[in-house]
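Chemist: Produce the entire structure from the sequences given, and follow the hints as far as they go.
With the UniProt record's numbering applied, the sequence shown covers 1 to 348.
Calculated from the structure, these hints are not laboratory results. A portion of the hints provided could be inaccurate.
[Claimed, not checked] Think about it this way: if two alpha-carbon atoms lie no more than 16 Å apart in a straight line, the pair counts; the simulated EDC-like pairs of lysine to aspartate or glutamate are:
| no. | residue 1 | residue 2 |
| --- | --- | --- |
| 1 | 35 | 91 |
| 2 | 283 | 296 |
| 3 | 43 | 13 |
| 4 | 291 | 255 |
| 5 | 27 | 89 |
| 6 | 283 | 335 |
| 7 | 312 | 326 |
[Claimed, not checked] Label pairs and their computed distance ranges (CB to CB):
| no. | residue 1 | residue 2 | range |
| --- | --- | --- | --- |
| 8 | 179 | 125 | 16 to 26 Å |
| 9 | 122 | 60 | 29 to 39 Å |
| 10 | 326 | 140 | 37 to 47 Å |
| 11 | 140 | 198 | 16 to 26 Å |
| 12 | 57 | 183 | 31 to 41 Å |
| 13 | 325 | 171 | 32 to 42 Å |
| 14 | 139 | 328 | 39 to 49 Å |
| 15 | 328 | 60 | 52 to 62 Å |
| 16 | 140 | 110 | 32 to 42 Å |
| 17 | 308 | 252 | 29 to 39 Å |
| 18 | 251 | 16 | 55 to 65 Å |
| 19 | 198 | 226 | 21 to 31 Å |
| 20 | 60 | 179 | 35 to 45 Å |
| 21 | 252 | 183 | 30 to 40 Å |
Source: prediction; values computed, not measured. We put the beta carbon where it would ideally sit given N, CA and C, even for glycine.
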Amino acid sequence: MSFFFGRAKDRKDPADAVRRVRENLPKLDQPLSRKGAQEEISKQLRYLRNELQGTPEQEPIPENVAAIAQEVFNLDLLPYLTVALPKLDFEARKDSTTIFNCLLRYNYNNSQPCVLYLASQPHTPQRPNPVIALVTAYEHAETASNSGQILKEAFKYESLARIALYDPSFWSFFTYVQGGRFDTSSDAFTTFKELLTRHKVVVAEFLANNYDEFFTQYNALLTSDNYITKRQSIKLLGEILLDRANYNIMTAYVDSPDHLKLCMNLLRDKSKNVQYEAFHVFKVFVANPKKSKPVEGLLIKNKEQLLRFLPKFHEDRKDDEQFNDEKAFLLKQIEALGPQSAYPVQPI
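Modeler: Spelled out as structure tokens, the structure:
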């Protein structure tokens, strides 16, 4: 994709730094030239970072920024730089992250050229779309943080978020948020959450089109042995279900007695934080005025136990008026349910 930009007027041609990075990237795979290539790439990336971001002594020069952006797109630097991230040293990866994000934010004639460029890129094994390549980079602990920083910036734009949602690599997030190092899984979950909450209409469409697969995998997070994953997942589930844009998703989710059973079990989790977040999901089942027969039946079977359980639930939150009002409302709703069935109860 080609864009028209003004030429740089600085004595040093900033576009030359882009060319030098691009020329040296293939050399990272050549043992004899790897060290020299790494040094040259690091030097030029540092220069590009300063030109795009500015320094304490000087603001970015618009003409230089424009020239860098144009050459980056002309040479398709971003797809190749993304793939090369694991081969760069720590500082070069940091500089690459800054360069990427500066370009994502760069505005030219009321448009974001980098966003348009990335949205137009194909995805092939030889030249992956950078957005998709950055998602899969969570497989490498050394680049996870850099990838996450770029993706969080990229997901501010609907067209780039859509690419990540609808690519098969999206489903890898369910692995990334549970496995590996704590800092990597935690960063992956933050990125995952950003993707699922930023663009309401796109996400609602995606969830409607992939409802069964998504919640089959998501419910597995709610029973994870990883406490952090479980706590973050139940909290995010509450946010998703209570978002107005996801009304149809919410009604489908709370129609399932299996989902209700899962939520009721989480009310008894050993973690008080998990219990509290589960409460905010449980209240959606109870407050739903159009409960499915199986859900209503399950609540009726557990009516007496719930009426004993809820008054003592998180009694230490006496000063939390909203929580206590919601708990009182749920108790009234449960009391109004029909008589308890003779069927065995779901333990609470």
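Chemist: Now, for every hint given, state plainly whether the structure supports it.
Modeler: Evaluation of the provided hints:
1. 35 / 91: holds, 15 Å
2. 283 / 296: Holds: residue 283 and residue 296 sit about 13 Å apart, inside 16 Å.
3. 43 / 13: Roughly 15 Å separates the two Cα atoms, so the pair holds.
4. 291 / 255: holds, 6 Å
5. 27 / 89: holds, 15 Å
6. 283 / 335: holds, 14 Å
7. 312 / 326: holds, 14 Å
8. 179 / 125: 16 to 26 Å: holds, 24 Å
9. 122 / 60: 29 to 39 Å: holds, 31 Å
10. 326 / 140: 37 to 47 Å: holds, 43 Å
11. 140 / 198: 16 to 26 Å: Because 25 Å falls inside the window, the suggested range holds.
12. 57 / 183: 31 to 41 Å: holds, 34 Å
13. 325 / 171: 32 to 42 Å: holds, 39 Å
14. 139 / 328: 39 to 49 Å: At roughly 48 Å between Cβ atoms, residue 328 and residue 139 fall inside 39 to 49 Å, so the hint holds.
15. 328 / 60: 52 to 62 Å: At 57 Å between Cβs, range holds.
16. 140 / 110: 32 to 42 Å: holds, 37 Å
17. 308 / 252: 29 to 39 Å: holds, 31 Å
18. 251 / 16: 55 to 65 Å: With Cβ atoms ~58 Å apart, the hint holds.
19. 198 / 226: 21 to 31 Å: holds, 24 Å
20. 60 / 179: 35 to 45 Å: For residue 60 and residue 179 the Cβ distance comes to about 39 Å; the hint holds.
21. 252 / 183: 30 to 40 Å: Given range 30 to 40 Å: holds, Cβ gap about 35 Å.
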